[in-house]
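Colleague: For reference, the chains in residue letters:
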Amino acid sequence: MSDIVLEAKGIYKYFPGTEALKNVNFELRKGEIHALVGENGAGKSTFVKILTGVYSMSLGRIKIEGNEVKIRNPLHAESLGITAVHQNIAYIPLFDVSTNMFMNISGKVILDRKYKAKLREKARNYIDQLGIELPLNVPCGELTPSQLQTMSLARAFSKNPKILLADEVTSSLDRDEIEKLFKQLRKLREKGVSIIYITHHLDEVFELCDRVTIFKDGVCVNTHEVSSVSMEQVVREMTGKILNKNRIREPVRVPANSRALLVVKDLSDNIVKHVSFSLEKGEILGVTGLVGAGKTEIAHMLFGVTTPKSGEFYLEGKKCHFKSPSDAVKNGIYLVPEDRLRDGIIPDLSITWNMTLPVLNKVLNKFKFINNKHEKNLVQGVANKLSVKYASLNQRIKYLSGGNQQKVITGKAMLAGLKVCIFDEPTQGVDVGARREIYSQITKIAEDGKAILVCSSDIEEIMTLCDRVIVLRKGSIVAEKHITEVNKEELALLCQGLQR
Amino acid sequence: MKRLMAFLFKNSILLIVLAVVLYFCLRVPGFLSITTLKNILMNSIAISIIALGLTFVLSVNKWDVSIGSTASLSAMTTCYLIQVSGGSTFLGLVGGLAVALLCGFLNGLLVAKLHFEDIVATIATQSLFFGLAFLYAGGYEIYKNMRPSFRFIFNGNLGVVPFVLVLTVVIYTIADIFFRKKKIGRWLYSTGNNPRAALFSAVPVERVIMIAYLLSGLFAGFAGILGASEHGRAWILLGQGYLLTGYCVVFLGISIFEKPTPFGTLLSAFFISTIRTGFVMENVIYYLSDIVIGLLLLGAVVVSNEKKIVHQNYKVGEL
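Chains as they are written, first to last, in numbering that gives the first Met the number 0: chain Z, 0 to 499; chain A, 0 to 318.
Next up, chain Z with everything else stripped away, as it sits in the complex (with noise of 0.2 Å):
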């Protein structure tokens, strides 16, 4: 019984309209990797927040080593000893790295200097501990990320945690780092922390993990040992529907054309270097590479976002130079943008208002005026095309999940109906499920005759969506290929600059 350290039982959420969770139960067990997933919505992050007393439950039990207790607020969790660690790391960019290991401690002592160096040897022990590499004296403002999510990790194992929460730690990381990421948290295991891991990416559930339960609908649906499950059974508990890494339609190889639709002469700016590429009608080309390889900076300059430093792009043989993006909008060229909640969503408008907002001129009658009726049809037709889950089209879109959020802001796409589509990582920290719908939608639009440019550093995405691919390697391009030709780990290999 006592390696049991935490116990949750017969938890319910209610919120207004909606039960986000119902009847869950769950056992975490001392030292080990915990994972837990879901499709969007599922009721991961509720149950998170209630974890971790940001939410307060309707009703159920939880017990910590035993003993039962009450969360009431994020402290207090703290002092349980569970610690949360997430994707988005709160620290003050201008102090170092041991300044901001140990915020709550008062104000006074991070201006003494004789506490600074005793805070920094404090630093120093955990850092040490996990057997990280982290320089101390610098402004946390200039660390990598990597190197900031090592910093919180730290942050959260100086708080001597029993559970310690990780929620999609690694969605900012590429793969070398995310590697160092799980042997550090492996490091925790030995110490004796249960780790719960939140994630959308199954591989890293069975590199990392111990166990892993799957929530569904606001439900706990199973729990299993890593060792005795498959991922095809994963997914179909996650999903309801069996995994399908196939893809949407045969690679289609359009002939080379001199006069292809898009043509992109020797781009460059300050990242991107003498990028060239043509694009053709029916088409999807995928763009790759690490974080920080240059992809979104060229989807950035392709819409008008930003000015290129040199180089050109033609439209039909037409030479663009685009202001802003309603220039390029109007010239044909649309952008899904990468971060939704920054660049994607409109968070207080409707659902309706925020499909149509580039496309306001195809529902204006005659005298200009826009008609709400043909507005609700078009927008009621898209949705339905991606299956949106949502109360109303009149709803707020920040209630929507992220799933379907991205949903929507493909939507526009759809109803841009432009002659250039580009996507900029159009399933970040989307489910399998809706990854699919989105991925159809997208080859749909290709099928139509426009041509598609997807951002993505997702290899497999690039595999199951595109027909031709560009690596990009720091601003680069390093190989160009039709997919055919290439298989997931050679483009991983091409990405990581391995091979030529």
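Quick caveat, the hints were computed from the structure, so don't treat them as lab data. Among the hints, a few may not be true.
Claimed, not checked - Calculated from the model, a selection of chain Z residues having no Cβ within reach of chain A, i.e. all distances over 12 Å: (1) 102; (2) 247; (3) 267; (4) 279; (5) 326; (6) 352; (7) 355; (8) 370; (9) 435.
To be verified - Stretches of chain Z that chain A covers, calculated by requiring three or more beta carbons in the stretch to come under 8 Å of a beta carbon on chain A: (10) 338-350; (11) 357-366.
Said to hold, decoys possible - If we take Cβ atoms under 8 Å as the criterion, some of the chain Z residues that face chain A in the derived model are: (12) 323; (13) 325; (14) 328; (15) 331; (16) 334; (17) 369; (18) 411.
Cβ atoms here follow ideal geometry from the backbone N, Cα and C, with glycine treated the same way.
Take the given structure of chain Z and dock chain A to it, following the hints.
Modeller: Just chain A now, kept in the frame of chain Z:
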């Protein structure tokens, strides 16, 4: 019980306003009369015009604190031009409104194009405009050569209905159509709610902010001209009280309708004017109404913060 409390909180400001109005109706003799109603309406006109401009600026989530000075400057310009031209109302109006548009343009240039902090920029311009208003007469009133045609704008009647009342209703109807039925309405709200996402959705964000400031300047100037027309003269401090009351009106509207809307603004202007008129008729010390309006603004800001559509710093990390 919880729901009732939430309902009461959400509508608290509206309820307080209605309670005050009810109090006047019951306690002040002669409050419920056509004369009082007409007084209330006429008192609400300048404020509803200036608040309409603010409605545009607040819908893009920006502030314009220069409106009071813009009103003064426009009024002074109009009366000055009438005086020196020997009574040309037309010239005065055109000049006054042009100056108002210029004021708005300057604010728009600073905030939309040059990306100055909105409050800082308009605090600077409010001082600038106020100083400029002194140039015409060194701070003295301008009152010579005012013709009946100029006085007509505010004081004239179309049959039994005051002309300016009709004008206000027409302006508000047009503004309401623009907010609800035209592209610009969506553009304004999306720019106010998440300017980056609006930009990525092909909204010409800078232009939208510029338009909002232009209209804010234009309506502020027009409100100033109405004040001058009412009294037949212009003076430096004419636009002094407009800022506070204007913001109070718009935020009251937001607290009722969750976002800045012309209708909400108009309704609130009527309520605020009712309260002011009531205080005057009740013969209470005059500055009490300032205290009440200030408190109402605070309350409206608190309530509308909870539910308004426009707010900054949306990006809260998902836990």
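Colleague: Run every hint past the structure and note whether it holds.
Modeller: Status of each hint after checking the structure:
1. 102: Answer for residue 102 of chain Z: holds, closest chain A Cβ roughly 16 Å.
2. 247: holds (26 Å)
3. 267: Nearest chain A Cβ is 23 Å from residue 267 of chain Z, so the label holds.
4. 279: Non-interface label on residue 279 of chain Z holds, nearest chain A Cβ at 25 Å vs cutoff 12 Å.
5. 326: Residue 326 of chain Z is in fact no farther than 12 Å from some Cβ atom of chain A, at 9 Å.
6. 352: Nearest chain A Cβ is 6 Å from residue 352 of chain Z, so the label is violated.
7. 355: violated (8 Å)
8. 370: violated (9 Å)
9. 435: holds (23 Å)
10. 338-350: holds (count 9)
11. 357-366: holds (count 4)
12. 323: holds (6 Å)
13. 325: With Cβ-Cβ at 4 Å, under 8 Å, it holds.
14. 328: holds (4 Å)
15. 331: violated (12 Å)
16. 334: For residue 334 of chain Z, the interface hint holds, since the closest Cβ of chain A sits about 7 Å away, which is under 8 Å.
17. 369: holds (5 Å)
18. 411: holds (7 Å)
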